[in-house]
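2 protein chains.
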Amino acid sequence: MKTLLLKKEEISQLISMMDVIGAVEEAYKAFNSGQVAQPDYMSIHLPPPRGEIDFKAGYCQSNEMISLKASSGAFPRNPEFGLPSGMGTILLFDATTCALACVMDGSLITGLRTGASGAVSVKALARKNAKVIASIGTGNQARMQIRAIREVMAIEAIHAWDHHPASLLKFKADIEREFGIPVVPAPTAREAVERADILITTTRGKGSLVEAAWVKPGTHIVAIGTDVQGKQEFEPGIFRNAKIVNDSIAQCTVKGETWHPLNSGIITLEDIHGEIGEILLGKKPGRENDEEITIFDSTGMAIQDNTTSAKIYRNALENNIGTFFAFFEK
Amino acid sequence: MKTLLLKKEEISQLISMMDVIGAVEEAYKAFNSGQVAQPDYMSIHLPPPRGEIDFKAGYCQSNEMISLKASSGAFPRNPEFGLPSGMGTILLFDATTCALACVMDGSLITGLRTGASGAVSVKALARKNAKVIASIGTGNQARMQIRAIREVMAIEAIHAWDHHPASLLKFKADIEREFGIPVVPAPTAREAVERADILITTTRGKGSLVEAAWVKPGTHIVAIGTDVQGKQEFEPGIFRNAKIVNDSIAQCTVKGETWHPLNSGIITLEDIHGEIGEILLGKKPGRENDEEITIFDSTGMAIQDNTTSAKIYRNALENNIGTFFAFFEK
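Just so you know, the sequences run in chain order A and B.
Sequence positions in the first sequence follow my numbering and run 1 to 330.
Sequence positions in the second sequence follow my numbering and run 1 to 330.
Hints were generated in silico from the structure; no laboratory data involved.
Since the structure is predicted, the reported quantities are computational estimates derived from the model, not experimental observations.
Beta carbons: idealized from backbone N, C-alpha and C, even for Gly.
Just to be clear, a hint being listed does not mean it is correct.
[Claimed, not checked] In silico EDC-like links for lysine to aspartate or glutamate, alpha-carbon gap of 16 Å or less: (1) A:K7 with B:E329; (2) A:K8 with B:E329; (3) B:K2 with A:E9; (4) A:K2 with B:E329; (5) B:K7 with A:E9.
[As the list claims (entries may be wrong)] Not everything, but these chain A residues come out facing chain B in the computed CB check (under 8 Å): (6) I53; (7) M87; (8) F324.
[Stated by the list, open to error] Derived coverage of chain B by chain A (criterion: at least 3 residues anywhere in the stretch with Cβ under 8 Å from a Cβ of chain A; other residues may be distant): (9) 5-16; (10) 37-46; (11) 89-99; (12) 270-280; (13) 319-327.
Generate coordinates for the entire structure from the input sequences, incorporating the hints supplied.
Here it is in C-alpha cells:
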C-alpha cells in the first residue's frame with residue numbers, strides 16, 4: 001500500500017480553476033443528494049498571539065473518498081521563521097478500505113475552492129447579461145473570486161473598494177496585468193456597490209459595510225467574508241425580499257451572513273430559498289427574472305475540500321506527478 | 001520547511017514500551033495541569049459493512065506539539081485487498097508555527113499507549129506486593145497490557161479467560177514464549193478473577209462479565225474494554241466502596257465503565273476519587289492500604305497520542321531515522 005505525496009508547487013500545476021469549479025459543483029450536488037457526511041469540525045486555539053488550527057473532515061459517497069484538512073491561521077510571528085501566517089495539509093483516504101491514499105499540501109485549496117464557489121453561484125444566480133462587478137475587499141480571496149468568475153462570464157469592469165488604499169491600488173495593478181480587466185478604484189463602498197451587476201464581499205467582516213439602499217435591482221451578491229459568528233458585511237435589511245441561497249443552511253444560519261437578518265427578525269427560516277446544490281440539481285429554481293436581488297451566502301464546507309483534493313489526486317495519478325511513499329507495508 | 005515521514009517498521013524500532021509509559025505519564029500530568037486542549041473528536045461512519053474513521057486532535061503546551069490521529073476500523077473486507085481491518089495515520093504540527101513537522105503511520109500507537117495506561121495505573125494504584133494478574137480477554141490489547149505492566153512489576157502468573165478457547169490458547173503460547181510468564185487458562189471468568197491481584201479487562205464490552213462478589217479485597221482493576229456508550233464489562237455494583245480513578249472524568253462518565261454505576265444510581269459524581277493525572281502529580285493520594293479495591297477506568301485520550309508520537313518524532317530526529325519531504329517550500 002503506497003501513499004501519494006504532493007507538494008504545493010505540484011498542486012498548482014495539477015489543477016485548473018475550471019477543474020475546481022467542476023469539483024465545487026460536484027460537492028454541492030453531492031451535499032444535496034444525501035451523499036455527504038461532514039462532522040462538526042475541530043478547532044484548537046493556541047495561546048496568543050498565535051491563532052488556531054482547524055480540522056475539517058468530509059466523506060463523499062460519489063467519489064468514495066474521505067478528506068481531512070488541517071488549516072492554521074493566523075500566526076503573526078511566522079514570517080520570522082520564514083513561514084506564512086497560515087498553512088494547510090490534506091489527507092485523502094480511500095473510503096473503501098480507509099487506506100491513506102494521499103498527503104498533499106493544503107495551502108492553496110481553501111482559496112481556490114472558495115473562489116470557485118462564487119463562480120458556481122454566478123452561473124446559477126446572476127443575470128445572463130451581468131458584466132460589471134463590485135469587489136468590496138481586495139485581498140487574496142477577492143483575486144480568487146475574479147479568477148474564478150472570469151471563467152464563467154465576461155467581466156467588463158470591476159469597481160473595487162477597500163479600507164486600505166494601498167491594497168486597492170495593488171489589486172488594480174495585479175488584476176489589470178493578470179487578466180486585462182479594468183479595475184476602477186471607488187472612493188466609497190457605495191459608489192462601487194451602486195454600479196454592480198455582481199457584488200462580491202471578501203472583507204474580514206468587521207461590521208456592516210454594505211447598506212440595503214445601495215443595491216440595485218437585479219444584483220447578484222456573493223457574500224464570502226462572514227464565515228464565523230461575530231463577522232458581518234451587510235446591513236441585514238438587504239435580505240428582505242431578496243432570493244436567499246446558502247451553501248449549507250445549517251451553517252449559514254449559525255455563522256454566515258444569513259444569521260444577522262434571522263437574529264434581528266427581518267427574515268425567518270422560511271424566507272431562505274434553499275441551498276445552492278438544490279438549484280444545481282434542478283430541485284429549486286435559480287434566478288427567475290432580471291429584477292430580483294439574489295444573495296449567495298457561502299460559509300465553506302469540508303466537502304468542497306474533498307472533491308477538489310480528490311480531483312487533484314486523480315489528475316496527479318493520470319499525469320504521473322508526485323512521490324509515492326509506503327507508510328504501511330503489508 | 002521539511003516534514004519527517006516515518007513508516008510503521010521504523011516506528012516499531014524507535015520507541016520502547018518504557019518510552020511509551022513515560023509519554024503516557026507525561027500526558028496524564030499535562031492533562032491535569034491545564035496544559036492540554038482536546039476538542040471533541042470527529043467520526044465518519046461509512047455504509048455497512050464498512051466501519052468508521054475517527055479523527056482525534058490534541059495540543060500539549062509542555063511539548064508545544066499538536067497531534068491529529070486518523071484511525072479506522074473495522075473494515076471486514078480489507079483482507080481481500082491485502083490490508084488490515086483498521087489503520088492509522090498521525091500528523092504532528094509544531095505548535096509554535098503550525099508547520100507540519102511529521103507524518104507517521106499510526107497503526108501501532110493506539111495499542112501501545114493504551115497498554116502503557118494500564119502500567120501507569122499499576123504503578124499508582126496496585127498493591128506493592130501484587131504479583132498475579134487476571135486477564136479477561138486475550139486479544140491484542142491483552143498482550144499490550146502484559147507487555148507494559150511487566151515493565152513496572154514482576155508478574156508471577158497470569159490467569160486468563162476468554163469466550164474463545166482458541167484465542168486463549170494462543171495467548172498462553174505467545175505470552176509464555178515472549179515473556180516467560182506462565183499463563184493459566186481459567187475454566188470460568190470467576191476462577192481467574194478470584195485469583196487476581198490485578199484484574200485487566202480488554203474485551204469488546206458486550207455486557208457485564210465480572211461480578212462484584214468475585215473481586216477480592218486489595219485488587220487493582222484496569223478497565224479498558226469500555227470506551228464508547230453501550231459497552232460494559234462489569235457488574236456496576238463493583239464500583240460501590242471502590243476507589244474509582246478515571247483517565248478523564250468527562251469521558252469516563254459518558255462513555256466509560258464509570259457510566260454504568262452512575263446511571264444506575266450506585267455511585268454519584270462525588271464518589272469518583274479523581275483522575276490518574278492528579279495522583280501522578282501528588283494532588284490526590286493513590287492506594288492508601290492493602291484492602292481497598294482500586295478501579296482505573298480508561299477511555300483513552302488524544303493527548304496520549306500526542307505525547308507518544310512526539311516522543312517517537314524526537315527519537316527519530318536524534319537517531320537520523322526517517323525520510324524528509326518538503327510539502328511546502330517557502
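We went through each hint and held it up to the structure:
no.: 1; hint: A:K7 with B:E329; verdict: 8 Å, holds
no.: 2; hint: A:K8 with B:E329; verdict: 7 Å, holds
no.: 3; hint: B:K2 with A:E9; verdict: 14 Å, holds
no.: 4; hint: A:K2 with B:E329; verdict: 23 Å, violated
no.: 5; hint: B:K7 with A:E9; verdict: 24 Å, violated
no.: 6; hint: I53; verdict: 5 Å, holds
no.: 7; hint: M87; verdict: 6 Å, holds
no.: 8; hint: F324; verdict: 11 Å, violated
no.: 9; hint: 5-16; verdict: holds (count 5)
no.: 10; hint: 37-46; verdict: holds (count 9)
no.: 11; hint: 89-99; verdict: holds (count 8)
no.: 12; hint: 270-280; verdict: violated (count 0)
no.: 13; hint: 319-327; verdict: holds (count 4)
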